[in-house]
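K.L.:
According to my numbering, the sequence shown holds residues 1 to 71 in order.
Heads up, a few of these hints could be off.
[Unchecked claim] In silico DSS-like pairs for lysine-lysine, Cα to Cα no more than 30 angstroms straight-line:
hint	residue 1	residue 2
1	Lys13	Lys66
2	Lys66	Lys16
3	Lys66	Lys6
4	Lys16	Lys6
5	Lys21	Lys66
6	Lys6	Lys21
[As the list claims (entries may be wrong)] Simulated DEER-style distance windows between Cβ atoms:
hint	residue 1	residue 2	range
7	Asp41	Lys6	15 to 25 angstroms
8	Leu64	Glu3	17 to 27 angstroms
9	Glu38	Glu61	31 to 41 angstroms
10	Arg47	Asn12	28 to 38 angstroms
11	Arg68	Trp43	17 to 27 angstroms
12	Tyr35	Leu64	14 to 24 angstroms
13	Leu64	Thr44	16 to 26 angstroms
14	Glu38	Ile62	14 to 24 angstroms
15	Pro11	Tyr35	32 to 42 angstroms
16	Phe40	Ile8	15 to 25 angstroms
17	Asp48	Pro11	11 to 21 angstroms
18	His58	Glu36	11 to 21 angstroms
19	Ile62	Glu3	28 to 38 angstroms
Because the hints were derived from the structure by calculation, they are not lab data. These numbers come from a predicted model, not from an experiment. By construction, the Cβ of each residue, glycine as well, lies at the ideal position given by its N, Cα and C atoms.
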Amino acid sequence: MMEVVKEIISPNKQYKAEIVKRIDGLFSIEIFRWYEDEWFDSWTPIRDNISIIDTSEHAIEIALEKLRNLM
Numbered sequence: 001m002m003e004v005v006k007e008i009i010s011p012n013k014q015y016k017a018e019i020v021k022r023i024d025g026l027f028s029i030e031i032f033r034w035y036e037d038e039w040f041d042s043w044t045p046i047r048d049n050i051s052i053i054d055t056s057e058h059a060i061e062i063a064l065e066k067l068r069n070l071m
């Protein structure tokens, strides 16, 4: 089962990255954007290249870089 091990929210609160531990023990990063309209508010995924990373520390570094590039 995949598990979110860390969530990082950008300083402007418009984006977040989730570090996900995969079944095979590797990690991936999912990027989301905060979306608001008159009916609901939610995090919507941003389609991005799938990253497969060996350690959670490396995944956090990459996630922070991706968030910096979005702002």
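K.L.:
Look at each hint and say if it fits the structure.
P.N.:
Hint check:
1. Lys13 to Lys66: 14 angstroms, holds
2. Lys66 to Lys16: Satisfied, since the Cα-Cα distance of roughly 10 angstroms is no more than 30 angstroms.
3. Lys66 to Lys6: 15 angstroms, holds
4. Lys16 to Lys6: It holds: about 10 angstroms lies between the C-alpha atoms, which stays within 30 angstroms.
5. Lys21 to Lys66: Holds. Lysine 21 to lysine 66 sits at ~18 angstroms (cutoff 30 angstroms).
6. Lys6 to Lys21: 9 angstroms, holds
7. Asp41 to Lys6: 15 to 25 angstroms: 22 angstroms, holds
8. Leu64 to Glu3: 17 to 27 angstroms: With a Cβ separation near 20 angstroms, leucine 64 and glutamate 3 satisfy 17 to 27 angstroms, so the hint holds.
9. Glu38 to Glu61: 31 to 41 angstroms: Roughly 38 angstroms apart at Cβ, these two residues keep to the hinted range, so it holds.
10. Arg47 to Asn12: 28 to 38 angstroms: Violated, since arginine 47 and asparagine 12 (Cβ atoms, about 21 angstroms apart) do not stay within the stated range.
11. Arg68 to Trp43: 17 to 27 angstroms: 19 angstroms, holds
12. Tyr35 to Leu64: 14 to 24 angstroms: 22 angstroms, holds
13. Leu64 to Thr44: 16 to 26 angstroms: Holds - the Cβ-Cβ distance for leucine 64 and threonine 44, about 20 angstroms, lies within 16 to 26 angstroms.
14. Glu38 to Ile62: 14 to 24 angstroms: With a Cβ separation near 35 angstroms, glutamate 38 and isoleucine 62 fall outside 14 to 24 angstroms, so the hint is violated.
15. Pro11 to Tyr35: 32 to 42 angstroms: Violated - the Cβ-Cβ distance for proline 11 and tyrosine 35, about 18 angstroms, lies outside 32 to 42 angstroms.
16. Phe40 to Ile8: 15 to 25 angstroms: 23 angstroms, holds
17. Asp48 to Pro11: 11 to 21 angstroms: 20 angstroms, holds
18. His58 to Glu36: 11 to 21 angstroms: The hinted range 11 to 21 angstroms is violated for histidine 58 and glutamate 36, with Cβ atoms some 32 angstroms apart.
19. Ile62 to Glu3: 28 to 38 angstroms: 18 angstroms, violated
Checked against the numbered hints listed earlier, the structure breaks hints 10, 14, 15, 18, 19; every other hint is satisfied.
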